[in-house]
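Undergrad: The chain contents come next:
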Amino acid sequence: MAFKLPDLPYAYAALEPHVDATTMNIHHTKHHNAYVTNVNAALDKFPELKGLGLVDLNKAVGTAAVPADVATAVRNNGGGHWNHSFFWTVMGAPTDSNGPSGELKAAIEGAFGSLDEMKAKFNAAAAGRFGSGWAWLGVKPDGSLGITSTPNQDNPLMAVADDKMIPVLGLDVWEHAYYLKYQNRRPEYIAAWWNVVNWEAASENFAAAKAGKVFGA
Amino acid sequence: MSSLISLARFLPETAVAAGAAARFSTAGGVAAYKLPELPYSYAALEPVISGTIMELHHSKHHAGYVANLNKALEEYADAEAKRDLQKMIALQGAINFNGGGHINHDIFWTNLAPEKDCRPPTGELLKGIEARWGSLDKFITTFNAQTAAVQGSGWGWLGLNKATGGLEIAACANQDPLAKTGLVPLLGVDVWEHAYYLQYKNVRPDYLKAIWRIVNWENVEQRLAAAKK
Chain A
1 MAFKLPDLPY
11 AYAALEPHVD
21 ATTMNIHHTK
31 HHNAYVTNVN
41 AALDKFPELK
51 GLGLVDLNKA
61 VGTAAVPADV
71 ATAVRNNGGG
81 HWNHSFFWTV
91 MGAPTDSNGP
101 SGELKAAIEG
111 AFGSLDEMKA
121 KFNAAAAGRF
131 GSGWAWLGVK
141 PDGSLGITST
151 PNQDNPLMAV
161 ADDKMIPVLG
171 LDVWEHAYYL
181 KYQNRRPEYI
191 AAWWNVVNWE
201 AASENFAAAK
211 AGKVFGA
Chain B
1 MSSLISLARF
11 LPETAVAAGA
21 AARFSTAGGV
31 AAYKLPELPY
41 SYAALEPVIS
51 GTIMELHHSK
61 HHAGYVANLN
71 KALEEYADAE
81 AKRDLQKMIA
91 LQGAINFNGG
101 GHINHDIFWT
111 NLAPEKDCRP
121 PTGELLKGIE
131 ARWGSLDKFI
141 TTFNAQTAAV
151 QGSGWGWLGL
161 NKATGGLEIA
171 ACANQDPLAK
181 TGLVPLLGVD
191 VWEHAYYLQY
201 KNVRPDYLKA
211 IWRIVNWENV
221 EQRLAAAKK
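Top line first, the protein sequences correspond to chains A and B. In terms of the UniProt record's numbering, the first sequence is residues 1 to 217. In terms of the UniProt record's numbering, the second sequence is residues 1 to 229.
Do not rely on the hints blindly, as some may be mistaken.
[What the hints assert, rightly or not] Listed below are the simulated DSS-like cross-link pairs for lysine-lysine, each with C-alpha atoms no more than 27 Å apart in a straight line:
| hint | chain 1 | residue 1 | chain 2 | residue 2 |
| --- | --- | --- | --- | --- |
| 1 | A | Lys119 | B | Lys71 |
| 2 | B | Lys180 | B | Lys71 |
| 3 | B | Lys209 | A | Lys181 |
| 4 | A | Lys4 | A | Lys164 |
| 5 | B | Lys201 | A | Lys30 |
| 6 | A | Lys121 | A | Lys105 |
| 7 | B | Lys127 | B | Lys116 |
| 8 | A | Lys119 | A | Lys213 |
| 9 | B | Lys71 | A | Lys121 |
| 10 | B | Lys60 | A | Lys181 |
| 11 | B | Lys60 | A | Lys121 |
| 12 | B | Lys228 | B | Lys180 |
| 13 | B | Lys201 | A | Lys4 |
| 14 | B | Lys87 | A | Lys119 |
| 15 | A | Lys30 | B | Lys209 |
| 16 | B | Lys71 | B | Lys87 |
| 17 | B | Lys162 | B | Lys180 |
Simulated from the structure, these hints should not be mistaken for lab results.
Construct the complete structure from the given sequences, taking the supplied hints into account.
TA: If you want it as structure tokens, here you go:
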């Protein structure tokens, strides 16, 4: 049973003007698609790993469950596939984005003081990730909200992650995610991204994370 | 992690001789590191690398590394003077990233030249390539395969192993300088997405195929000769 490229929940142009349609198209049909192709190829000879499912496969990165000769391919491509599958779902049309509500809002205010203070920390993590990587808002093992960034296609589900958490929001800061529209101006991309955050999805991720459940599991 | 660095060797001699505070400072234009001028115009490497990419790459990305490096070194000098060890340690990342970025791009611009000014490798360099890989074509194929495979951001390098006298291919992550591997850098190819994305999009292998048209082998030969001294 091979992994599949998921369809986007919206048209490529749906996140304009904040994330341009060309970027969404290439990002989905080329970059994400390549991770899917590559993780399937890597796991071709390891059916027991494929049988884990994508979430448990990611959690296994850095453990003995993943044989050495396929470890890098799994980390990069299994990570890339989960990360992008998650990413598409935490974004949506700008007009649909209202800001956090209910339990998530309370948790954000409790952990960071305010939504603006959370964004400031998140933006710093996203801008400060040198090279390729991701920034994350997530639920830590102690149940509190935290912010972290990871390099390349790592994510906080992985055993190798410095700060483990179940993601609530994630932002791709690889240059391919923003270069066509923003060029070197990563902070401008990060600021614009908040306009397309899907807070309903974030709330669902938060509720699931509090129950120990992960998107895609 | 490299040991803490003393900044004395970054000082222009006049500042030391004048008895000025022995401290790195960008005040009064005494910046230790400067963005080098390109040896050619932004459009000169077309059609292999577009003028738009060259301008962004040089005037934004490389300029950013230089500015951030100088800023980090100034803060480091301040911390060193105050003997604030925690701060000195905390600044190592910024110095590594931005210092590496400056070193790498400084080499890169000289490794490239307008296509009409390029010619194939000769002499000791060609001998070294053939000895190790059999032919220039086989070297390029191997280099491209290894460099295309760099995960995320990084560089592919042709370097000299001084111990063996032989040439080697290496890949480095982010802006890690090749010197970390012990090799002397001769030719580097930037595969951060900013180096090619506007033109080649996700197709890094196409960029790698094309770049050999503008490799300045004369510069690589000069670097090899200097490294062998």
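Undergrad: Please write out, lowest number first, the hints stated earlier that are contradicted by the structure.
TA: Violated: none.
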